[in-house]
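Enquirer: If you want the building blocks of each chain, they are given just below.
Protein chains: 6
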Amino acid sequence: VDMLGKHRFRYGQAETENQIGVATGLAYTTVGGDTLQIEVSLAPGKGKLVLTGKLGDVMKESAQIALSYVRTLTNDLGLDADYFEQHDIHIHVPEGAVPKDGPSAGITMTTAIVSAITGKAIKREVGMTGEVTLRGRVLPIGGLKEKSLSAHRAGLSTIIIPKDNERDIDDIPETVREQLTFKLVSQAEEVLAIALDGGFKK
Amino acid sequence: VDMLGKHRFRYGQAETENQIGVATGLAYTTVGGDTLQIEVSLAPGKGKLVLTGKLGDVMKESAQIALSYVRTLTNDLGLDADYFEQHDIHIHVPEGAVPKDGPSAGITMTTAIVSAITGKAIKREVGMTGEVTLRGRVLPIGGLKEKSLSAHRAGLSTIIIPKDNERDIDDIPETVREQLTFKLVSQAEEVLAIALDGGFKK
Amino acid sequence: VDMLGKHRFRYGQAETENQIGVATGLAYTTVGGDTLQIEVSLAPGKGKLVLTGKLGDVMKESAQIALSYVRTLTNDLGLDADYFEQHDIHIHVPEGAVPKDGPSAGITMTTAIVSAITGKAIKREVGMTGEVTLRGRVLPIGGLKEKSLSAHRAGLSTIIIPKDNERDIDDIPETVREQLTFKLVSQAEEVLAIALDGGFKK
Amino acid sequence: VDMLGKHRFRYGQAETENQIGVATGLAYTTVGGDTLQIEVSLAPGKGKLVLTGKLGDVMKESAQIALSYVRTLTNDLGLDADYFEQHDIHIHVPEGAVPKDGPSAGITMTTAIVSAITGKAIKREVGMTGEVTLRGRVLPIGGLKEKSLSAHRAGLSTIIIPKDNERDIDDIPETVREQLTFKLVSQAEEVLAIALDGGFKK
Amino acid sequence: VDMLGKHRFRYGQAETENQIGVATGLAYTTVGGDTLQIEVSLAPGKGKLVLTGKLGDVMKESAQIALSYVRTLTNDLGLDADYFEQHDIHIHVPEGAVPKDGPSAGITMTTAIVSAITGKAIKREVGMTGEVTLRGRVLPIGGLKEKSLSAHRAGLSTIIIPKDNERDIDDIPETVREQLTFKLVSQAEEVLAIALDGGFKK
Amino acid sequence: VDMLGKHRFRYGQAETENQIGVATGLAYTTVGGDTLQIEVSLAPGKGKLVLTGKLGDVMKESAQIALSYVRTLTNDLGLDADYFEQHDIHIHVPEGAVPKDGPSAGITMTTAIVSAITGKAIKREVGMTGEVTLRGRVLPIGGLKEKSLSAHRAGLSTIIIPKDNERDIDDIPETVREQLTFKLVSQAEEVLAIALDGGFKK
Ligand SMILES: [Ca+2]
Ligand SMILES: [Ca+2]
Ligand SMILES: [Ca+2]
Ligand SMILES: [Ca+2]
Ligand SMILES: [Ca+2]
Ligand SMILES: [Ca+2]
Ligand SMILES: [Ca+2]
Ligand SMILES: [Ca+2]
Ligand SMILES: [Ca+2]
Ligand SMILES: [Ca+2]
Ligand SMILES: [Ca+2]
Ligand SMILES: [Ca+2]
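Chains as they are written, first to last, in the numbering used here: chain A, 1 to 202; chain B, 1 to 202; chain C, 1 to 202; chain D, 1 to 202; chain E, 1 to 202; chain F, 1 to 202.
You may find that some hints are simply not true.
[What the hints assert, rightly or not] FRET-style restraints, in silico, Cβ to Cβ:
hint, chain 1, residue 1, chain 2, residue 2, range
1, A, A193, D, G56, 53 to 59 angstroms
2, F, G142, B, G142, 51 to 57 angstroms
3, E, E17, C, G119, 32 to 38 angstroms
4, A, D76, E, K201, 56 to 62 angstroms
5, C, R177, A, R153, 53 to 59 angstroms
6, D, G56, F, I20, 35 to 41 angstroms
7, A, A14, D, G78, 55 to 61 angstroms
8, A, G155, C, L49, 40 to 46 angstroms
9, C, Y83, B, G199, 52 to 58 angstroms
10, C, E85, B, G142, 48 to 54 angstroms
11, E, F182, F, P99, 27 to 33 angstroms
[As the list claims (entries may be wrong)] With a Cα cut of at most 25 angstroms, we get these calculated DSS-like pairs of lysine-lysine:
hint, chain 1, residue 1, chain 2, residue 2
12, C, K54, A, K48
13, D, K202, B, K120
14, E, K60, F, K48
15, A, K46, C, K202
16, F, K46, A, K48
17, E, K46, D, K48
18, C, K163, C, K202
19, F, K120, D, K60
20, C, K46, E, K46
21, D, K46, E, K163
22, C, K202, A, K48
23, D, K202, C, K46
24, F, K201, D, K48
25, B, K54, D, K54
26, E, K163, F, K60
27, B, K48, F, K48
28, C, K46, C, K60
29, A, K48, A, K60
30, E, K54, C, K54
31, F, K48, C, K48
Just so you know, the hints here were simulated from the structure itself, not pulled from any lab data.
In this text, a Cβ means the ideal position worked out from N, Cα and C, and glycines have one as well.
Given the sequences, and given the hints that come with them, work out the whole structure.
Expert: Quick look at the structure:
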C-alpha cells in the first residue's frame, strides 16, 4: 500500500518549467490520488544519504534501492568510480509534515537522482509511478486509476507506468485516459530515456 | 500542524538590535501564536549538525532541509567547496523545555544559517514563517492569523510569509494588518534578500 | 518459520535469461509457497552491507552469514584480501512492501553474492532453498511441498534443497515431483557448483 | 519544569574551598529546592561529549548548548581553533542514581566547562540557576523561592539568577533574602565574570 | 537461565571429523537439553565483531567477554599486538531462527575463537558448557543433567564442565554418567588444553 | 538503590591470592548483601569502553565516571597523554545473567581500572563500596549493614566505605563489626592507597 495519510497536498500542479533534480511522482492516498515532487540535492561529501519528508521505512528503503541502482550506472553516466563516495545526497519529498510510505516512488527517485547528477532537466509534463529493484526492474503498483486522475488534474500530459499495470489502464475514465499518454516500461533505463530532457542511453 | 504545547513563551519580544545568527520565527500553538528565536552557531569541525530545543521529528528534518538548501548556495555565498565538511553547525530554538514541531520554521532556519555563515545581521523588526524545500521553494503554512497577532504583539513591523498564504491575509484583524508589512515569497532567496541586513543576491 | 505475510507476489515467473547477481529463492507463506528474487549489487566502497526488502531480523542475519561465508572463499574466488573492505554490497529482495523473514534464503543469498562478485550468471531454470551456516553447512527448511509447487508453477526445472529434507520429497504431488529435478546438498559449495553458469570449484 | 525526583540529595553543602571544574547549581524538586554540583573533566581526545548523572533529554540538550556557547568563546579564552576537536569533555552531575532534568542548569554547566578549560577556580560561596541559549542569553527559571532557600541552607552567600526572575525575589522570605546577595544577569559572560575566581572578560 | 525456546534442534549429532572454528556446546531448554554448534569465522578487517543466531543480550555479552579474554592471550597465541584490530570476527550459532540466550556458552565461544585463530581443530567428541569471565574463570551453569543426556544422545564421549558443578554429576543417570568422561575445569586455559587438537599451553 | 535481582551469587568467596585488574565490591540486594567481582581487561585499541554483566544504566554511567576520573590521573600514573585513546577497556561484572545496577560500585571500578593499567595487584582481603564522582569524591551508599555481613561471610578482613556512612557502622552486629576493619574515605585516591598492593600516591 502507498499511504500518504488523510491530508491532500495543496501543492499539486505541474511545474511551470523543466527542473533539474526534481521529478514528479504519483501517489495514492485514502482520499484519492495526488502528485508529489521528489527533490534531490548533491553536495561534496563522504557518501552520506539524507532522507526527509516524513518517509516510512519502505519508502526509505526505496531511496536506498534507487541510489544503489544508479550506482550501477556509474560508467554509463561518465562518473568517476568514487563519485558516490565523494558526494552526499539528500532526497526530500515535500510537504514535510505529511507522512508518506510505499515502494511506488522508486522510479521517480531514480529519475530525480540521475537528473541531479547529470544536470539534465526532467520534462515538466511527465509524471511517473513504479517500484524499482536493484537491477532496474520496474514492478507494478496500486491505485493507477486514482493516480491518473491526479496527474490529469495537475496538468501532466504523460505518465510513465509499469508494463505490468497495462491491464489497469482500462479502469481509468475515458476522458482522462484520452488526454494522457501512457508510457509502459519494464526497466528503469526506459524511464530515464522518456523523462530526461535529452534522453538517456546506456 | 505546528504545535508548541500548552506553554506560552515568556520570551517573545523583538530583539533590541540586529543580530547575527538569530532569526525570528512565528509559531502557532493550541493557545495562540507566538514568536520564537532560531539561534545558529558555527565552529570548526567535521560537518556535524546538532539540533536542540526539544524539536520534533518534522522540525529536525526541516533543519536538515534548510542546511542542504544552504549547501546548494555554497558558490553564491563565496564559500570553499568543503566549507560544510569543515564546520559543525548547532541550531537551537529556546526555550529548551518547550516541545516544538512542524515544518514552518524552514525559512527561519535557512535565514539564521546564512546569517551565521556570512556574518550579515538579520533585521530585528522582521519575523517570518514558511516551509522550505530542498530547492528553496516556500510552501504555505497554517495559523497565519494567530502568527500575525503574535508578531504584532512582539513589536515586529514586517513579516515574510509564503505567497500561497496570500488569501489568508484578509482573515487578520484590520488594526493588526495595517500595522504589519507582509512580504509574500515563493523562493528562499527572496527571504534572504528581505531579512538580511545588506540583502542577498544569487 | 519462513513467513512472507498474507500477500502473494505478483512477480513469480522464472527469468527469461540467465542473470548475474540475481538468484531465485523459494518462500513459504501462510497462503502457500512463492518464488522470490534475491538481487545483489556491488559498488566500490568501504565494506558497507545494505539490506532492503522489508526483511525481518532473522533474514538480515542470514544475509550477514551468507556474506561472511563468501568472505571465507576470498582465495578460492581469486579476490584480493581486502576486496570486501573495498566494496559496498547491497542485497535486495523485491517486492519492497512485502515483509519477509526466516533463514531459508541463506543459500540463495550466498549464490547471488558470488554471482555478483564473479560475474558468472545464475542458471535461470534453477530455484533453491536452504539455511546456510558460517562454514557453509546447509540446514533443512520447512514448507518443501509448497515451495516445490510454486517453483513448478513459476516454470523452474531444478530446485536445490538441503540433504536433510530428502524425506520430505515424497510429500510432493507426483505430477510436480516428476517435472522437477531435486538436487540434494549439504554444503554451499555444491549449491554454487549447480547454480552458477560455468560451475564452481574450490 | 525542573524535576529531580523524590529524593533529596544528602550532598548539599557549599564546598570548603574554591574548585576547578565544579560549579554549584540550584535545583527545584517536588519536595523543595536543592543544590547540586556540576562536575566537568577534560581529556585529550576527539571532541566526544560524555554526559552522566541520569540526566533527562532537556538537561542533556542543555549541556550541548552550554558547550556550543563556550565554543563561540574559543578566541576569548585564548584556545587553539581546534581545541574542542582535540579534547573529550565529560559532564557529570552527582548523585548518579537520582534522575535530573530541565534547562535551568545551563549557566552552571557553562561556568563549570569554562573553569575546567581555563583552570580558573569557581568561587565556593556562589550558586547559580538559569537557562542558557546558544548566544549566551540567560532565560528565566522556575522555583526561585525554593532554590534560594536551599542555597541559604547550604551556606552559599551569593546566587546568580536571570534578570527576568527579578520580580520573583520578593517571594523569598525576608530572613533568607537579606542573607543572600542576588546577582541579576542576562548574558552568560556576566555569570563567568561573577563566578570565576579572577573574573572573565570578553 | 539458559533458554532456547520450545523448538528442539534437528541438528544435534557430533561432527564426523575434527573441525576448525567450530565448537560443540550444551544447551538447556524448556523441553530438555540439546547440543549446539558455535561457528567462528575470521576475515581481514577493522576489529568488528558480528554476532548472529538470534542471540539474546546475555549471550551477546558472553561473546564479547570470550573475545576480550582471548585478546588477553594475544602473546600466548603468538599473534601480532594489533591482530584483533586487523581482523573482523563473526560468531554464529545455528539454527538461525531459534532464539538462544544465557551465559553458559562462554567457554564454547572461547574455544571456537581460539581454534579459528590458531587453525587448531577441535576434538569432535568433546562437548562443553560453562560461563567464562574476563580473566578466564569458569563459572557454574544450570541443567547439567539435561545437557549430559543430550551430549550422550549426540554421541559425544567427553564433556567439559565447571568445577563448581561437580556436585551435580551424581544427578545424572548412571548409564549415561558411565559412558561420558567429565572434565572439571576452573580456568578457560584448561578448556583449551582439553578441547584443542594438539592442546594448549600458556 | 543498588538492586541485583532475586538471585544470590554462588560466587562470593574472597580470592585466594592478590589479583591484577579484579576488585571486590559489596552489593545490596532484596535478599541481603553480596560480594561481587569487577574485572577489567585492557587491549591495544582505539579508546573503546565495553561494559558487560547485565549492567543497568546507572551502573554503566558509573563505569564511565570511574574511567574519566582515572583519565584525570594520567600524569600521576605515568601514562602517555594518549594512553586512553590507544587502548580499549572492557569492564565485566560476573555473573553474566544476573542484572546489576546502582552507583555504589564506583570506587570498585576505579580501583580495578587502575590495577589493570598499572599492573599493581589488589589486596585480596579488601572489599569496598562507594559512589565516585568525576573529581574522585566518594559519596555515601545504602545497605552498609547487609554489605558488611556479606563481606564478613566471604572472608574479607577490611572494607573501604564512604566517610559519610560512618554513622551507619553502629547498625552492624557487634561480632561482625569487630572482625572487620572499616576504612573511611572521602576521596578515591585514599581507596587506591589502601587497596592497591604497594599503595598509591598522587
Ligand atoms: Ca499535492
Ligand atoms: Ca482491467
Ligand atoms: Ca515567546
Ligand atoms: Ca481569505
Ligand atoms: Ca512471486
Ligand atoms: Ca516423507
Ligand atoms: Ca543535595
Ligand atoms: Ca513578585
Ligand atoms: Ca540440536
Ligand atoms: Ca548432587
Ligand atoms: Ca556472590
Ligand atoms: Ca547509626
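Enquirer: Confirm or reject each hint.
Expert: Here is what the structure says about each hint:
1. At about 55 angstroms, the beta-carbon gap between A193 of chain A and G56 of chain D stays in the expected band of 53 to 59 angstroms.
2. In this structure, G142 of chain F and G142 of chain B meet the distance hint of 51 to 57 angstroms, their C-beta atoms being roughly 53 angstroms apart.
3. Remark: the range hint 32 to 38 angstroms for E17 of chain E to G119 of chain C is upheld by a beta-carbon distance near 34 angstroms.
4. For D76 of chain A and K201 of chain E, the Cβ-Cβ distance of about 59 angstroms falls inside the hinted range of 56 to 62 angstroms, so the restraint holds.
5. In this structure the hint that R177 of chain C and R153 of chain A lie 53 to 59 angstroms apart at CB holds, the actual value being about 54 angstroms.
6. A hinted range of 35 to 41 angstroms holds for the C-beta pair G56 of chain D and I20 of chain F, which are about 39 angstroms apart.
7. Distance hint for A14 of chain A and G78 of chain D: a CB-CB separation of about 58 angstroms, consistent with the stated range 55 to 61 angstroms.
8. Take G155 of chain A and L49 of chain C: their Cβ atoms lie about 43 angstroms apart, and the range 40 to 46 angstroms holds.
9. Taken as a hint, the range 52 to 58 angstroms holds for the pair Y83 of chain C and G199 of chain B, whose Cβ atoms sit roughly 54 angstroms apart.
10. Take E85 of chain C and G142 of chain B: their Cβ atoms lie about 50 angstroms apart, and the range 48 to 54 angstroms holds.
11. The hinted window of 27 to 33 angstroms between F182 of chain E and P99 of chain F holds, with their beta carbons roughly 31 angstroms apart.
12. Restraint check: the Cα-Cα separation between K54 of chain C and K48 of chain A comes to about 21 angstroms, which is no more than 25 angstroms; the hinted pair holds.
13. Simply put, K202 of chain D and K120 of chain B have alpha-carbon atoms about 21 angstroms apart, close enough for the 25 angstroms limit, and the pair holds.
14. Taken as a hint, the K60 of chain E and K48 of chain F pair is honoured in the structure, with Cα atoms around 17 angstroms apart against an allowance of 25 angstroms.
15. Among the hinted pairs, K46 of chain A with K202 of chain C is inconsistent with the structure: their alpha-carbon atoms are about 37 angstroms apart, more than 25 angstroms.
16. Proposed proximity of K46 of chain F and K48 of chain A is supported: the alpha carbons are some 24 angstroms apart, at most 25 angstroms.
17. Between K46 of chain E and K48 of chain D, the direct Cα distance comes to roughly 21 angstroms. Compliance with the 25 angstroms bound is thereby established for this hinted pair.
18. Taking the CA atoms of K163 of chain C and K202 of chain C, the gap is about 20 angstroms. The hint holds against a cut of 25 angstroms.
19. Under the criterion of a C-alpha separation no larger than 25 angstroms, the hint pairing K120 of chain F with K60 of chain D is inconsistent with the structure, at around 37 angstroms.
20. Restraint check: the Cα-Cα separation between K46 of chain C and K46 of chain E comes to about 11 angstroms, which is no more than 25 angstroms; the hinted pair holds.
21. Straight-line distance between C-alpha atoms of K46 of chain D and K163 of chain E comes to about 45 angstroms, which puts the hinted pair past the 25 angstroms bound.
22. Proposed proximity of K202 of chain C and K48 of chain A is contradicted: the alpha carbons are some 37 angstroms apart, above 25 angstroms.
23. Note on K202 of chain D and K46 of chain C: the hinted pairing is violated, with a Cα-Cα distance of about 45 angstroms set against a maximum of 25 angstroms.
24. Of the supplied pair hints, the one linking K201 of chain F and K48 of chain D is violated, its CA atoms being roughly 29 angstroms apart against a limit of 25 angstroms.
25. Annotation: proposed proximity of K54 of chain B to K54 of chain D holds, straight-line Cα distance about 18 angstroms (limit 25 angstroms).
26. Taking the CA atoms of K163 of chain E and K60 of chain F, the gap is near 31 angstroms; set against the 25 angstroms cutoff, the hint is violated.
27. Using a Cα cut-off of 25 angstroms, the hinted pair K48 of chain B and K48 of chain F holds, with the two alpha carbons roughly 21 angstroms apart.
28. Note on K46 of chain C and K60 of chain C: the hinted pairing holds, with a Cα-Cα distance of about 19 angstroms set against a maximum of 25 angstroms.
29. Restraint check: the Cα-Cα separation between K48 of chain A and K60 of chain A comes to about 14 angstroms, which is no more than 25 angstroms; the hinted pair holds.
30. For the given pair, K54 of chain E sits about 18 angstroms from K54 of chain C by alpha-carbon distance, which is consistent with the 25 angstroms threshold.
31. A distance of roughly 21 angstroms separates the Cα atoms of K48 of chain F and K48 of chain C; the hinted pair therefore holds under the 25 angstroms criterion.
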